[in-house]
Amino acid sequence: MTRVPTRERGPYVPQQVRRGVSGARGLLERKDLLRLLDDGVSKRLTVISAPPGSGKTSLLRAWAGRSTNPARVAFVTIERDQQSEQRFWCAVLDAIRNPERPFDAAPPPAPIGLEVGQVIDDVRSEIAELVGPVVLIIDDLHELKSADALAQLESFLTTLPSSARVVLSSRRDPSIRLHHLRLADDVAEIRADDLRFTEHETRELLVGSAINLSDRGVAALHQRTEGWAAGLRLAAISLNGHPDPERFVAEFSGTDRAIGEYLMAEMLERQPSEVQTMLLRTSLVDRMNGELADLLAGRSDSERMLLALEEANAFVVSLDAQRTWFRCHQLLAEFLRLELRRTLAAEVPDLHRRAAGWLADHGDVVQAVRHLVAAGDWPDAARLVADHSFRWVLDGQAGTIHAVLLAFPEGASVDHPDLALAHAAAELNQGRLEEATAQLALAESHLYNAPPDRRQRLAVAVASLQLALARRSGQFSEVIDLVGLLDTSMADPSSEPSVMGSELRGVALLNIGIVETWSGRLVDAERHLSEGAALARTIDRPYLEVACRAHQGFPSKLISVTTARERAHQAVALAERYGLDDRPIIAPALGAIAGTAIWMGEFDEGERWLGRAWQVASAQVDPAAAVLLHQAAGMLHAGRGQKQSALEAFTEAANAQSLLTGVHFLAPRITGWLAATQARLGLREEALTTLAGFPADPQRMGSGAIDNAQAVICLTDGDPAAALAVLSESRAGATAFGPGFILIEAHLLASIAHLRLGDRNAASAAAEAALATAERDRVILPFAMVESAELLDLLLHHETAHRALLADVLNLVGGTGADREMLARAEALSPSERRVLGYLPTNLTRHEIAQELHVSINTVNTHIRNVYAKLGAQDRSAAVQRARQLRLLSSRLVPAPPN
Amino acid sequence: MSVPPGLYTIRIRGRLGATALSAFPSLEPELRGSDTFLTGLLEDRSALFGVLAQIEALGLELIELRQIA
Numbered sequence: 001m002t003r004v005p006t007r008e009r010g011p012y013v014p015q016q017v018r019r020g021v022s023g024a025r026g027l028l029e030r031k032d033l034l035r036l037l038d039d040g041v042s043k044r045l046t047v048i049s050a051p052p053g054s055g056k057t058s059l060l061r062a063w064a065g066r067s068t069n070p071a072r073v074a075f076v077t078i079e080r081d082q083q084s085e086q087r088f089w090c091a092v093l094d095a096i097r098n099p100e101r102p103f104d105a106a107p108p109p110a111p112i113g114l115e116v117g118q119v120i121d122d123v124r125s126e127i128a129e130l131v132g133p134v135v136l137i138i139d140d141l142h143e144l145k146s147a148d149a150l151a152q153l154e155s156f157l158t159t160l161p162s163s164a165r166v167v168l169s170s171r172r173d174p175s176i177r178l179h180h181l182r183l184a185d186d187v188a189e190i191r192a193d194d195l196r197f198t199e200h201e202t203r204e205l206l207v208g209s210a211i212n213l214s215d216r217g218v219a220a221l222h223q224r225t226e227g228w229a230a231g232l233r234l235a236a237i238s239l240n241g242h243p244d245p246e247r248f249v250a251e252f253s254g255t256d257r258a259i260g261e262y263l264m265a266e267m268l269e270r271q272p273s274e275v276q277t278m279l280l281r282t283s284l285v286d287r288m289n290g291e292l293a294d295l296l297a298g299r300s301d302s303e304r305m306l307l308a309l310e311e312a313n314a315f316v317v318s319l320d321a322q323r324t325w326f327r328c329h330q331l332l333a334e335f336l337r338l339e340l341r342r343t344l345a346a347e348v349p350d351l352h353r354r355a356a357g358w359l360a361d362h363g364d365v366v367q368a369v370r371h372l373v374a375a376g377d378w379p380d381a382a383r384l385v386a387d388h389s390f391r392w393v394l395d396g397q398a399g400t401i402h403a404v405l406l407a408f409p410e411g412a413s414v415d416h417p418d419l420a421l422a423h424a425a426a427e428l429n430q431g432r433l434e435e436a437t438a439q440l441a442l443a444e445s446h447l448y449n450a451p452p453d454r455r456q457r458l459a460v461a462v463a464s465l466q467l468a469l470a471r472r473s474g475q476f477s478e479v480i481d482l483v484g485l486l487d488t489s490m491a492d493p494s495s496e497p498s499v500m501g502s503e504l505r506g507v508a509l510l511n512i513g514i515v516e517t518w519s520g521r522l523v524d525a526e527r528h529l530s531e532g533a534a535l536a537r538t539i540d541r542p543y544l545e546v547a548c549r550a551h552q553g554f555p556s557k558l559i560s561v562t563t564a565r566e567r568a569h570q571a572v573a574l575a576e577r578y579g580l581d582d583r584p585i586i587a588p589a590l591g592a593i594a595g596t597a598i599w600m601g602e603f604d605e606g607e608r609w610l611g612r613a614w615q616v617a618s619a620q621v622d623p624a625a626a627v628l629l630h631q632a633a634g635m636l637h638a639g640r641g642q643k644q645s646a647l648e649a650f651t652e653a654a655n656a657q658s659l660l661t662g663v664h665f666l667a668p669r670i671t672g673w674l675a676a677t678q679a680r681l682g683l684r685e686e687a688l689t690t691l692a693g694f695p696a697d698p699q700r701m702g703s704g705a706i707d708n709a710q711a712v713i714c715l716t717d718g719d720p721a722a723a724l725a726v727l728s729e730s731r732a733g734a735t736a737f738g739p740g741f742i743l744i745e746a747h748l749l750a751s752i753a754h755l756r757l758g759d760r761n762a763a764s765a766a767a768e769a770a771l772a773t774a775e776r777d778r779v780i781l782p783f784a785m786v787e788s789a790e791l792l793d794l795l796l797h798h799e800t801a802h803r804a805l806l807a808d809v810l811n812l813v814g815g816t817g818a819d820r821e822m823l824a825r826a827e828a829l830s831p832s833e834r835r836v837l838g839y840l841p842t843n844l845t846r847h848e849i850a851q852e853l854h855v856s857i858n859t860v861n862t863h864i865r866n867v868y869a870k871l872g873a874q875d876r877s878a879a880v881q882r883a884r885q886l887r888l889l890s891s892r893l894v895p896a897p898p899n
Numbered sequence: 001m002s003v004p005p006g007l008y009t010i011r012i013r014g015r016l017g018a019t020a021l022s023a024f025p026s027l028e029p030e031l032r033g034s035d036t037f038l039t040g041l042l043e044d045r046s047a048l049f050g051v052l053a054q055i056e057a058l059g060l061e062l063i064e065l066r067q068i069a
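Protein sequence lines correspond, in order, to chains A and B. Heads up, the first sequence is in my numbering, so the first residue is 1 and it goes up one at a time. Heads up, the second sequence is in my numbering, so the first residue is 1 and it goes up one at a time.
Mixed in with the good hints, there may be bad ones.
As the list claims (entries may be wrong) - Across the chosen pairs, the derived CB separations fall in these ranges: (1) Glu61/B x Asp38/A: 27 to 37 Å; (2) Leu7/B x Asp215/A: 43 to 53 Å; (3) Glu269/A x Glu61/B: 48 to 58 Å; (4) Asp194/A x Arg32/B: 27 to 37 Å; (5) Ser34/B x Glu311/A: 35 to 45 Å; (6) Gly579/A x Leu7/B: 29 to 39 Å; (7) Asp44/B x Arg191/A: 26 to 36 Å; (8) Gln644/A x Asp44/B: 54 to 64 Å; (9) Asp148/A x Asp44/B: 43 to 53 Å; (10) Ala441/A x Arg32/B: 52 to 62 Å.
Note that these hints are calculated values from the structure, not bench results. A virtual CB, placed ideally from N, CA and C, is assigned to each residue, including glycine.
If we strip away everything but chain A, and leave its shape as in the complex, we get:
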């Protein structure tokens, strides 16, 4: 069997497609309808709702293909049975970016690590950036089966940029609420009655197809088809070259057969038998090229036949400018499939198998799985799904797994560990952890029934998913066994030679590394993440590489603060290079940069990176990463002396930590700083409760942070001797953790305690010890966090071996004394005063502000007076300027809480 080589798909030339769909091949240019659509798109939304065969798509193609269109037209045809909102929005985005793409072209694979909300935002901004008007046509909307996608489309329509128009075409009224648009008279509708051919058009159509028919014949044909476009087209094909057209019409008019079926049967009957067979055998696939058609039909000239059918307008259309891909009109395809099952039933399973093989070879796994299921080959289908699950997750197409699984009968996963695995991956991706756990347990229970050659691989897949699950739910302590299993089974690369094996391994390394990072085993994390990143690079998986690198920006025994910061920057740069810098997975790197900048006293720089981290983090960030970001926000506020805001941020961090089953490596510091901040704000009882709630760790990991907080409480209690006693262990370095941060803090607190005991020499020695520890990485945040006027005074007259560092410290802590005082006053702004302050930069009058806030003008006046007094401002612009300096009006450091 000769195969027609697949031709390269080249650029699309509108005129060529126009030739394909307009008068040149017997399709009527329906001027009235085109005008109707022109009128329609003067409104924001046009809905075309009519049964199959009404001529919706033909109208849209003819309209979109006109060279006179003033607007840019983006044409999206929804794939059959589309379940994935990702794929849908990617297709929309692609159509808007590349209006020259063929109408029916399959959308490119969704980009890696994709967030639907981001894609929709991109669609909006692409439209907004275009100069002229845009018309977005969405054809076959009834094929969109994702409720989420429909809901997103609904909200997209209500916030449509004013330069955009949307045309929705569907067999049924779309299940989208349009009442707002309707009320605003922003919806035009075109329905079946509008699409019907008039008798005049019927005649034009026949004349255009060179068919001679009497007036009576035309009238009878029009009456019998009721102007139904598909009926007329089918009739025209059968009439073309018919020896006795009048008799055909008379017979057709006289029959009481359902007209669609009658005309399709007639049309098929008039084709040569080899064409009939080819059409029947290829009816199982949604789209085909010559090669696939040859494979199914067992011929070598299918492409020629398909081209001829398209020329004859026989319900076969090419999908690209080169005319290499074709599809049947859906109505005819439906009929052909029935006819195939009726007349060639025995061949059907084998045809499905052949189609599946070809599609899988050509990368269309989703369709391949559907055909295997249709052929009854569930085990093969299940294996195909399981083998691709990890790849889909890695490519950000986890939604695809869910879509493919719908092809299997309910409960099929009970018998197939592969399917249970794929289900688990899909559930995990959607955050349904309990369901994922159940499916994983099911897969695990099947391990021993699996054939030996497959068992090992299944075991690794199960363990890898368990690890991902543990990572999501923060069960840090429970992953040790899994790590052991994966380490041994992956140590021997020969056991998994395929690229697929490498992907599985890469994902496992990433998950191990992330868990180890958050649970503070940074040396192990370093090993696993480096290996994962290197592997990802070898197998060309940018998302995986970026994900690994994004978790390597933390200092440890082996990695200095400077190196960690440099690495985090490199991770971000890498993400930027791959266009992945807006994904939640990069948040830890951004958070790490922010954190180190804040440690080094670069507060503005830290604030900028933290803002960026929150921007990408979105709602889907792992709770463990959220802990990091809240903690950084707390440090920033504490460093700036904004105790109230620091308290809020540390509380958020503690809340995020409580979502984790395991203990985050930052947990002791967060608890300690939260308690210290509470103590400094005079909330002694709360501080003690915070410390009491921290689980006692027999290994005293990170207990220095807790001791430091105890010391702060002792100092505020007026008991410096007790503070020194608490600090002795930390200061000896026994519990030092991380880059000396806690140790520096302990020395500084001890210095304050000595001062209060009147021992200036001991205080100086402690301060010098703090400076010595801080020197290497220039960690100066602790000096700002302990905020003590007496310590500042000591430092101002301090003789030190670390002059440059001390200068930096004094610059940070001492140079902003006036600001600090002002800040303390600004912190005293009440919530209502802050709300009013938020309106001062706007040009709203006091009356308007009162209306906005639903309060009286007197209330607003009082608030504004208080705001001026607390900010030391004389007028509105001075107040705004002062508030900006004090960052009371800067961008938010933490996202608004959900709900």
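Based on these hints, arrange chain B on the given structure of chain A.
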């Protein structure tokens, strides 16, 4: 929400041929006048909507749908 199994009659414009009828294997066809009546037990809502979708996909004209038992 689930609809108990029911006996339904579906009336479609025109006489259906063997091909179109093969789309409704579980329903019994009967020709009355120039319309086709398909009658049969439909297990639940999904089965019912499955039949309706098939009618739509074949471009058939649905005239009436009735549950008779």
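Going down the list of hints, with the structure as the test:
no.: 1; hint: Glu61/B x Asp38/A: 27 to 37 Å; verdict: holds, 30 Å
no.: 2; hint: Leu7/B x Asp215/A: 43 to 53 Å; verdict: holds, 48 Å
no.: 3; hint: Glu269/A x Glu61/B: 48 to 58 Å; verdict: violated, 22 Å
no.: 4; hint: Asp194/A x Arg32/B: 27 to 37 Å; verdict: holds, 32 Å
no.: 5; hint: Ser34/B x Glu311/A: 35 to 45 Å; verdict: holds, 36 Å
no.: 6; hint: Gly579/A x Leu7/B: 29 to 39 Å; verdict: violated, 58 Å
no.: 7; hint: Asp44/B x Arg191/A: 26 to 36 Å; verdict: holds, 31 Å
no.: 8; hint: Gln644/A x Asp44/B: 54 to 64 Å; verdict: holds, 59 Å
no.: 9; hint: Asp148/A x Asp44/B: 43 to 53 Å; verdict: violated, 25 Å
no.: 10; hint: Ala441/A x Arg32/B: 52 to 62 Å; verdict: holds, 56 Å
Violation of the numbered hints given earlier is confined to hints 3, 6 and 9; the remaining hints are satisfied by the structure.
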